[in-house]
Amino acid sequence: MTDDRRPTTDDRQPMAKAYEPQATEDRVYQFWETRGYFKGRIPEPGTTAAARDPFCIIMPPPNVTGELHIGHALTDTVEDILIRWHRMLGDPTLWVPGVDHAGIATQNVVEKQLAKEGMTRHDLGREEFERRVWTWVERVRPIISNQHRRLGASADWSSEVFTLDDTPQRAVRATFKKMFDDGLIYRGERLINWCPRCRTALSDLEVEHEEQQGNLWYIRYPVVDGKNADGSPRLTGEHITVATTRPETYVGDTAVAVNPKDERYTSWIGRTVMLPVILREIPVLADEAIEMEFGTGAVKVTPGHDPTDFEIGQRHSLPIINVMNKDATMNAEAGPYEGSDRYEARATMLRDLEELGYLKKTEPHTLQISTCSRCHTVIEPLMSWQWFVTMGPLAKPGIDVVREGRIRFVPDRFERIYLNWMENIRDWCVSRQLWWGHRIPVWYSADEDGDNIIVTLPDQRDSKAPPRVATYNEMLRSGVSRETILRYATWTGVDATPIVSIETPEQSPTGGGNLLQENDVLDTWFSSGLWPFSTLGWPEQTPELKYWYPTSVMETGYDIIFLWVSRMIMLGLYNLGDIPYSTVYLHGTVRNEFGQRMSKSLGTGVDPLEVVEKYGADALRYTLITSSGPGNDMKLSEQRVEMGRNFANKLWNATRFVISMIGDTNVAPIDLGGPISDLPLEDRWILSRVEGLSRSVDELMRKFELGEAARQVYEFVWSEFADWYIEIAKVRVRGTSGDGASGLVRGPGGAEAPRVLTGAADADRGSGGAEAPRVQPVAGDAGPSPLPVLAYVLERSLRLLHPVMPFVTEELWQALTAKIAGIEEDALIIAAYPRGESGFSDPAAEREMEMLIDVVRAIRNIRAEKKVEPAKFIEAYVVADGARGVLEAGAPYIEMLGRARPLHIIGDIGDAPKDQVATAVLEGITVIVPLMGLFDVEAERARLQKLIADAEAEAGRIETKLANEQFRSKAPEKVVAAEEERLATVRTRVDGLRASLAELPE
RNA sequence: GGGCGAUUGGCUCAGUUGGUUAGAGCGUCUCGCUUACACCGAGAAGGUCGCAGGUUCGAGUCCUGCAUCGCCCACCA
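For what it's worth, this note's numbering labels the leading residue of the first sequence as 18, then goes sequentially.
Bear in mind the hints are in silico, worked out from the structure with no lab data behind them. Among these hints, one or two may not hold up.
Stated by the list, open to error - Once the Cα atoms are required to be at most 30 Å apart in a straight line, the calculated DSBU-like pairs of lysine-lysine come out as: (1) K195 with K563; (2) K563 with K194; (3) K720 with K652; (4) K889 with K667; (5) K883 with K931; (6) K34 with K667; (7) K889 with K747.
Said to hold, decoys possible - Estimated spans, in silico, between C-beta atoms of each pair: (8) E523 with E61: 40 to 48 Å; (9) K884 with T606: 47 to 55 Å; (10) I847 with K34: 26 to 34 Å; (11) P483 with G422: 56 to 64 Å; (12) A888 with R44: 39 to 47 Å; (13) R494 with E144: 20 to 28 Å; (14) T606 with Q39: 26 to 34 Å.
Remember, it's a predicted structure, so these values are computed and weren't measured experimentally. Even for Gly, the Cβ is constructed at its ideal location relative to N, Cα and C.
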């Protein structure tokens, strides 16, 4: 391959009979990439590109947890279509790929690997563990990038970013500091969602809710009234019964609550009850939040383990008792139950309570349980020190920009969902007790705050043993070295002064050098929220940031509107004072053919690369984009992918054919400026159609109706260009005749006679005559060659389709344009996208061509119904008054495509035979096919009667409509006129059919 | 408890400002290995557009209610 313009291996080699994506895709991708077409370039001032709006998409970074799934393929497809389209429109275009470190998810993956080796991360220590994760990252990243390439993603790889690269790291720290300085970040001990397995706090959004069958247990708390003489509580013998789904938390109860309006309990308010077994006395109080109808109407209040109870506790200043350890085993507060897992403890407690007579009853109950979205362990609400972001002030501008329409959602229904969430936003718990991620840029000075830093040191020899907890200073005094603390311990700066800094500080502001960095990392979504600008260099004011920000479209799944989209909007506005993008395009979830969510663990997933290998990337892309509209889920079925593959093959063969027709001669594309009125009808028709298609596609793309755009090109290429124009072009190029002038055509020998299947004996003469086509251009008076139009329309179609099916179109375009003069661009990927501004629109040609097509169809229909052998020619009459000229010009095509010969185009129906004929009546045209020998009077009568009945029914419907005064007065004139015209047409058809029926012998 | 989406021929889906006879692919039936393509071509059958009301001259499309499935949000222990 000497000419590097051409990605095809060797243009002298004949094209394969079927499209082979495997032989094409990698080569074509390399061609694009080495040519630098993906590079997002900031245009030089004064150039034409500089005058255009830039188009930029920041790719949602896949997690480094593993390989891409089919959802990523959808993301790539949608985004690549938009990017390629804009690139072809001539817009400066940038698509930034990236990868997400995915804190908790990736940590889990690596921890699982360690578990196989019988280790935990604590065996390695933080630094070593991080190294292990990095090794994993280095392994996975090339796989991911290769997958994007296989899917055809034309991303600018030179701009690829990882969330733990320096710039995003800096962006994270800068944002954290800005928020801290603005008072938007605070540290506090709150009831948070704790995953006992991941051993970290989670935000509300990382918690999933599922229904579960459980029990409602009714527990009696004895009433206490003062003390006995010996100081022990004096039981009155009464009980208040509470209903609970979580009996094990009763040891953390600090009250029993009832609704103040609940008359059953009015007298109980203010009294004291006692918790069985652990014998703690707690008050009965009134709170509005209690539903009287539920359970007994009396509720145990556990502020340390239930969000609702926490709020009740706040209202009544109740103590908060944490009864569990971080691994969800019971702690010392649980007294005799200390050390057992929460569910074991539940079982033991229930048994004890029952034995002591405190368990009144048990009834089945369906409850909502909250689970960790990563590992599906039931989360535990737990009091814990965490970092939070105050969201209210951030949300306000994020609401405004959507309300004002500065950011629009596609489809727009998600706007309300977004707004609803934003309006009810809650503070965001951003700290995670993980080792993999952006470590919070907060330091504590051990020199100054050593007594306020609480250190938790796990036992290195026995991971089951409880960790040592002490202040930093105490830990040092007891002989633990600073190095050991740094390596194995975690610490919390309770009451210590946080030092927040973008740069890692060498020493504390007061001069002490003994600094401990906060060991929590940030929620992965914190850095994700900065993605639209941290990828472009922020916090530096880079040229890239200035030129590309705000970006154009954020394309992602609707399932992460809150997790991601909302945060990008808020943080973009907060950090840069401007929206991160103007459009949010949301795609749905890809499901398998049974409608199941694809999941690796369930084995219901589809590997996109397997599909690519079997059917080609273009087929997969076509399928993904046409299988549903924006915002809707789709089922991916193999059959549908086959459809995409077949289409690629259709294109391939159509192009192969056009190229073979062109042969060795170069063909100039038709002159875009010249008049086309001299061209034959079918040329004007297909040019007008491709023009209309271009306009329609342009419009659809602007509205983000990408699937519909792709579908329309499919329809055009297959059903109009290939099925009709190419077939007609064959007739024109090869000829079947010499006598172009008369419109009626003779065979090559000049004496080809009409042939009818049977019957007309004289008709069947010489079986070979018509089947000996000659591949040669029609010369002279036979009219212009169809090759320029053929090449032009095909070339336009490839352009239109390129964003959706980039590989096959580029490959074919290169091969095709090698045969065409006057194409300026070097590659389809950068060729101008058609927008339907060539002035080829010709409604009359479209109407006339449709007429010809209808005539051919009518003849084919009769042939099929009468079982005429496909290869045989039959005589046919086409009766028309107004359209004779068109029909005569199209006669050669009617002949060949309808296999009708001799073909008589006549003006008077009286000149057509009446006996033993099949008739079809079209708009202003009657097709008559003599069927000597094949003719069955009764069958024909039945056929005509059915047609008449259908037509009459239709006429009746229109008549009723037109007779309606309301319709005449209220419907637009255009609609009324159209109905009238339609009625006239139908009536003519009825008349024609009736006449044919009358001609039938009795 | 709120909200959203889906419901169109056997299957999978289009149908986006209400307006001719509701489309496609697959599947089915009939025919065809015609030199671009059997990953194909020709023809055909197949739909009261979930149900019930309503608005309108006119509803698959707008409104109301209901049903089934799916999803999201929500502190009923």
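We went through each hint and held it up to the structure:
1. In summary, the hint linking K195 to K563 is supported, as the alpha carbons are separated by about 21 Å, within the 30 Å threshold.
2. Note on K563 and K194: the hinted pairing holds, with a Cα-Cα distance of about 23 Å set against a maximum of 30 Å.
3. For the proposed pair K720 and K652, the alpha carbon gap of about 23 Å is at most 30 Å, so the pair holds.
4. Straight-line distance between C-alpha atoms of K889 and K667 comes to about 27 Å, which keeps the hinted pair within the 30 Å bound.
5. With a C-alpha separation of about 17 Å, the suggested pairing of K883 with K931 holds against the 30 Å cut-off.
6. Distance check on the hinted pair: K34 and K667 sit about 11 Å apart at the alpha-carbon level, within 30 Å; holds.
7. Proposed proximity of K889 and K747 is supported: the alpha carbons are some 18 Å apart, at most 30 Å.
8. Taking the beta carbon of each, E523 and E61 are about 44 Å apart, inside 40 to 48 Å as hinted.
9. Against the hinted window of 47 to 55 Å, the Cβ-Cβ separation of K884 and T606 comes to about 49 Å, which satisfies the hint.
10. Distance hint check for I847 and K34: the Cβ-Cβ separation is about 30 Å, which falls inside the suggested range of 26 to 34 Å.
11. Roughly 57 Å separates the CB atoms of P483 and G422, a value that falls within the hinted 56 to 64 Å.
12. About 41 Å separates the C-beta atoms of A888 and R44, a value consistent with the hinted range of 39 to 47 Å.
13. In this structure the supplied range 20 to 28 Å holds for R494 paired with E144, their Cβ-Cβ distance being about 26 Å.
14. At about 29 Å, the beta-carbon gap between T606 and Q39 stays in the expected band of 26 to 34 Å.
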